[in-house]
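A.B. asks: Read off the chains here:
2 protein chains.
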Amino acid sequence: MTTEKDVAAAASTALLTDHYELTMLQATLNSGAAHRRSIFEVFARRLPDGRRYGVVGGTGRVLDLIEQFRFGDAELEHLRRTKVVDEPTLEWLANYEFKGNIWGYAEGETFFPGSPVFVVESTFAEGVILETLVLSIMNHDSAIAAAASRMTAAADGRPCIEMGSRRTHEWSAVAAARAAYIAGFDTTSNLEAGRSYGVPTKGTAAHAFTLVHDDEREAFQAQVDSLGKDTTLLVDTYDVTNAVNIAVEVAGTELGGVRLDSGDLLVQAREVRKQLDDLGATDTKIVVTSDLDEYAISALQAGPVDAYGVGTSLVTGSGAPTASMVYKLVQREDDNGQMVGVAKASKDKKSVAGRKYAMRRLNTSGIAEAEIIGIGEIPDGDSNDRHLMVELFKDGRRVDHSGIEEARKRHEQSRAELPAKALQMSRGEAVIPTIYQDESARS
Amino acid sequence: MTTEKDVAAAASTALLTDHYELTMLQATLNSGAAHRRSIFEVFARRLPDGRRYGVVGGTGRVLDLIEQFRFGDAELEHLRRTKVVDEPTLEWLANYEFKGNIWGYAEGETFFPGSPVFVVESTFAEGVILETLVLSIMNHDSAIAAAASRMTAAADGRPCIEMGSRRTHEWSAVAAARAAYIAGFDTTSNLEAGRSYGVPTKGTAAHAFTLVHDDEREAFQAQVDSLGKDTTLLVDTYDVTNAVNIAVEVAGTELGGVRLDSGDLLVQAREVRKQLDDLGATDTKIVVTSDLDEYAISALQAGPVDAYGVGTSLVTGSGAPTASMVYKLVQREDDNGQMVGVAKASKDKKSVAGRKYAMRRLNTSGIAEAEIIGIGEIPDGDSNDRHLMVELFKDGRRVDHSGIEEARKRHEQSRAELPAKALQMSRGEAVIPTIYQDESARS
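Protein chains in written order, with the numbering used here: chain F, 1 to 443; chain U, 1 to 443.
Next up, chain F with everything else stripped away, as it sits in the complex (with noise of 0.2 Å):
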């Protein structure tokens, strides 16, 4: 399989960084302060407008390349030349393999605002330079988790098909893919995902299809002949009952789909689903498209539909394209060796100093209740708690390798846990609050 591994291994993933990183690191490893034992922290200070709770996603895209980040010649010859950083930068960077430690909420699981999803430990210079690389990937991988999670619950059951690469950076494709399969969608038609992550994919013709045939018939013909009678059909290039009637009697009843990608989705559901019971294809399936979102899912849902195919609303974040989750550093060492928390005091971007840990306080019915964070050692906690840090990286060395199908269970477990209000479309607060837990209030 060529991973996303085999990409940074040809084009280095050490530039896909802010000049600014780089400049930091310069100036304290001129000051010192580069050496400072750090702890730098990934959280979002609010969920999207409306959103009831986020999705975790990108963790193990980030493993992966936290694995390889490495300044090759070619990227430590392009700094020189462009004068971003000095020699002894440069050198530096040259020896530069990340040696800390992270822990983090596992893929897939849900967050809230405040919660530490993503936390680095190491010195200051180690973990500064790491800051874009995380977020672009957390940033962009939640924002798609997260909508396909709505999209999911939406569905209740019925098969999600992720079809949006067209409308998005070629590359986000891949990746939305592999995030949308986490968040409960059964199938991407990106190729790509299929052979990096390993998510099924699916496809079988478009209006092009019909369109080069000299008519639907010939078209069915030869989608049939091809791939056989269990194929799904378009059947609205023209007239859909048309081709409904067309379809059935090109592949019988034994026909695996029929695809309707305009006009009123609901009227036409089931127009075409009695159709086919009238011809006896009472088996073949309605798999619906054309820019369905979590609502649309949610009206559709009356209908007889058997699968929805989710496009630019998925790849777009419906609405909340990026997470905005942010990299923070909130402890670091002093001249004395002690470690200090730290926070800017921005009027409107505040953050919470200091090393945290979080749980989610279940009630007795094992139903979420609260985000709870708080600053230092884990306290004993109530027996209901869930403790949710997970150790990724020891001293330099991957500990997590778990994968894409452990990251969709425990996605699936961490949305039923939450309050039923969780899964409504409307829009509102996050549906358990975040508390903050004193450490003078610890007993």
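Calculated directly from the structure, the hints in this document are not laboratory data. Certain hints may be false.
Any copy will do: because identical chains look the same in the list, a pair fits if it lies in one copy or spans two.
[What the hints assert, rightly or not] Derived DSSO-like pairs (lysine-lysine); straight-line CA-CA distance at most 27 Å:
#	residue 1	residue 2
1	Lys285	Lys83
2	Lys83	Lys229
3	Lys421	Lys274
Note that this is a predicted model, so its numbers are computed, not measured.
Following the hints, complete the assembly by docking chain U onto the known chain F.
C.D. replies: For chain U alone, kept in the frame of chain F given last:
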């Protein structure tokens, strides 16, 4: 320079493709329709809600990737193992190389609903398998370019800095920086965009840099010592007024700039300008950042701001993260070797059959009046009509090698040619109408 080409060479771009492109290929190879000469057209049915014009982005990247769109052993083996297509199709793919012609709008050009921005002439098979990749690139890059163009229009000559890498997929970030540069941004924070495309990169320091030092004075001193007095100091970590005093004490009146990243930017910019002037630092620039978009930039034009740093809203297309372009079969050969126009009749997604030409109709002052789109041969037009179709590929060979500097100049010229209304921030219709010229209307 490592380019997108190097990335693609490692992980072939051939699988950045929807599954159904290959099943259509298989079925048409079987029916014979695969070999029919065909014309596919990329266009947007509409502009994003409220937008006055679109901007063509990504053309150069598309041409790079088509040049090396090949199915290697690894890709073929994946398709064989997962049974996506049959052996004759795999054999056809193994020999695939685009042999056709491509025309389109030059990158950076403005466009309107229906503009045929990219036209592929080849066999059905050769053209259909490029659909996903072409759309992924053009939909993403055009969305970013369009948002960037509104921002640089609002900034009206003040420099704009692209710094959104952390809020989008790690490779989208590189393409976004490139698209923003084409639409008038001056610099980017993204180092890979510097390496791959020569976009100038800039950056100094984040809040973490201040926080890792014992106090602000120590941090500013470290930055000035390492990066020079010409650097830009971030002054909102604690108290802005205090920080500006320290900044000038440390760097003197030659201080390059200060950056504000929170609070009421307009009020603060005015206060800080007065403070800097009073301290004698009259040449020290004020850079503002913090969730800026074209509307915020517009409002800040009233203040003494020297540069805008834009992140999230740029890389997410400022509310329109995709350009909604489609790739449609509009003409194909029939059994007699004649080319015939084709179009689906789907209720809400009509397309117009036939090979298009396009011209920008200009008035006697050189201001755009209409987008003229016609079918067939280009008529002898008004001498003020500007022809828009450029030859990009001829008989499988790329003939256009214009780079991002040319695209940037082209965008500036094309935008300047639009009616003044195009640059207003208020939402509205496309600033010029799209007029379909009937073949019969030609004399």
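A.B. asks: Within a copy, between copies, both or neither: which one fits Lys421 and Lys274 at a CA-CA cutoff of 27 Å?
C.D. replies: neither (34 Å within a copy, 52 Å between copies)
A.B. asks: As a check of your reading, is Lys285 near Lys83 (CA-CA no more than 27 Å) within one copy, between copies, both or neither?
C.D. replies: between (61 Å within a copy, 22 Å between copies)
A.B. asks: Is it within, between, both, or neither for Lys83 and Lys229, if the alpha carbons may be no more than 27 Å apart?
C.D. replies: between (62 Å within a copy, 16 Å between copies)
Checked against the numbered hints above, the structure violates only hint 3.
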